[in-house]
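S.K.: Each chain, written out:
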Amino acid sequence: MSTTTTPPTALKAESKDLSFFYGDVQALKTISLGLPDRHATALIGPSGCGKTTYLRCLNRMHDLYPGNRYEGELLLYPERINLVASEIDPIEIRMRIGMVFQRPNPFPKSIYENVAYGLRIRGGMKRTDLDHAVERALRDAALWPEVRDRLNDQAFNLSGGQQQRLCIARALATRPEILLFDEPTSALDPTATARIEELVNDLKQKVTIVIVTHNMQQAARVSDYTAFMYEGRLIECDRTDRIFTNPSNKLTEAYVTGRFG
Amino acid sequence: MSLENAIAKSISSGSDRRRLARRKRLDALFARTGFLVTLTVLSVLLALIGQLAVEGAGRLSWQFLTSYPSRFAAQAGILSAWIGTILVMLLTALVAVPLGLGAAVYLEEYAPKNKLTTLIDINIANLAGVPSIVYGLMALALFVYEFRLGQSFLTAGLTLALLVLPMTIIAAREAIRAVPPQIREAAYALGATKWQTVRHHVLPCSMGGIMTGLILALSRAVGETAPLITVGALSFIAFLPHPPWQAEAPFISFQWMFDPFTVMPIQMFNWVSRPQEDFHVNAAAAGLVLLLMTLAMNALAIAVRARYRKRIRW
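Quick note, the sequences are listed as chains A and B, same order.
Heads up: the first sequence runs through residues 1 to 261, numbered per our numbering.
Heads up: the second sequence runs through residues 1001 to 1314, numbered per our numbering.
The shape of chain A in the complex, shown without the other chains (with noise of 0.2 Å):
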């Protein structure tokens, strides 16, 4: 069924035969994917194909509600830890996997706080030190100019894309190997959303980056990688350009020139 083709570069995480359970209902279909270090793959594919759910499996996030089950593996290179498995602690994984989500979601704290909470809750760091990670993160989301002088104001003060931008911060400042972005700009304005997909280009040197997206104009603009799911099924996974301009499956074909979904 799936015509994986594995891509030339080196490995971040990889999924073997991954499938995952609401309850009863399975969500994700023996999904066998690689992620490729320090790039960005794009996930697309119509409402309820399972990219999200495949995303959220990568910080086990599905964790925090009963009733849901993996199966397969999920493995997390260079040590190969199976991040399904039942052994292995979600606090540890999502220490080290950050996540962007759909809306902006800032607490309704100040933006200092915002951006210092994930090294807060690790414990352990001087002020300054804390000071200086909050800048750099802030930095790296390209939203430092625009807060420097006020830190202390509240979150909520910051505009939809500002908020979103801080989200990303505070992902970023726990320098996460993978940082998750689930539909980060379908709550923003076009001109916000450039800015993330500007910041997703630049941060994609550094970190892996794996994105949801409806949107398969964004997904041809930030990504290196796109993977074509439905039903719950990896159809397809390639480099982005081939995806768009010569998909070797119909049903990848059909979807991205807008024949279905």
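It is worth saying that the hints were derived from the structure and are not from the lab.
Treat the numbers as computed from the prediction; the structure is a model and nothing was measured.
Each residue gets a CB set at the ideal place from its N, CA and C atoms; glycine is no exception.
Take the hints with a grain of salt, since some may be wrong.
Just some of the chain B residues that point at chain A, by a computed CB distance under 7 Å [as the list claims (entries may be wrong)]:
#: 1; residue: 1113
#: 2; residue: 1182
#: 3; residue: 1191
Using the hints, position chain B against chain A.
M.R.: Only chain B this time, still in chain A's reference frame:
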């Protein structure tokens, strides 16, 4: 029901117009009925309060607030009763807050969803409906006879704490459930433990609702009479409890918790059941004070809610 405006004119068919007019009449009829019902309820309430005020207001005085009960109606006062009410409420809150909050956080955030927790859920809801006198009987057996706490402030506080606990837990759980899941997920996604998520985000976000629920439950408890009579409230106390401090170390004293107690509704109950008319006036005046105490607590609940709302926006 004028159909003179431009849009109405565009509805050309006669039967359409008639149906529209009928729908609007029905709407207006409901609005008027609702208004009348509201007015009726309000006027009954106002009449009750008004009667209490007319009867009791003349008796309200500094002397009334600062005197102990007496055989002579004109010399009697509610000093031991209102101090007793405040102390009992304090103990009730001190016991109910940690227990209620702990149970609510555990049930909402930690407890696995299985048959046992469902059973606990149902039982808490049922406990909220148990008549207060039943709590009184249980408290008499447990606190007075089994634990030998005596007919004391401590017993009264514990009894009322049991009484408000189900309501406190239910209100706290509602407030915790109202915290948006995105906030929880944001914290978990950064590697927070469950306790860190609860402590840093869930509790601060839900504290307004939790406190409101607690204060409203307490303002119900402030008027409770039956369970306190059952555990042995006295109606004639002509002294104050021991002060909560003492001259020698450790300087704070818990002796007052073991003193005999009375509260406002019991003082009222006692006065109402006397034959002399003058004591009935005293009861009305005490009722007025109790009403003011309850209103003050409700006002506090509103203030607390407003304060937390201002701090938190989504």
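S.K.: Hint by hint, note whether the structure agrees.
M.R.: Going through the hints against the structure:
About 5 Å separates the beta-carbon of residue 1113/B from the nearest beta-carbon of chain A, less than 7 Å, and the hint is met. At its closest, the beta carbon of residue 1182/B sits 4 Å from a beta carbon of chain A; the interface hint therefore holds under the 7 Å criterion. Taken as an interface hint, residue 1191/B checks out: its beta carbon lies about 4 Å from the nearest beta carbon of chain A, inside 7 Å.
When held up to the earlier numbered hints, the structure conflicts with none and fits them all.
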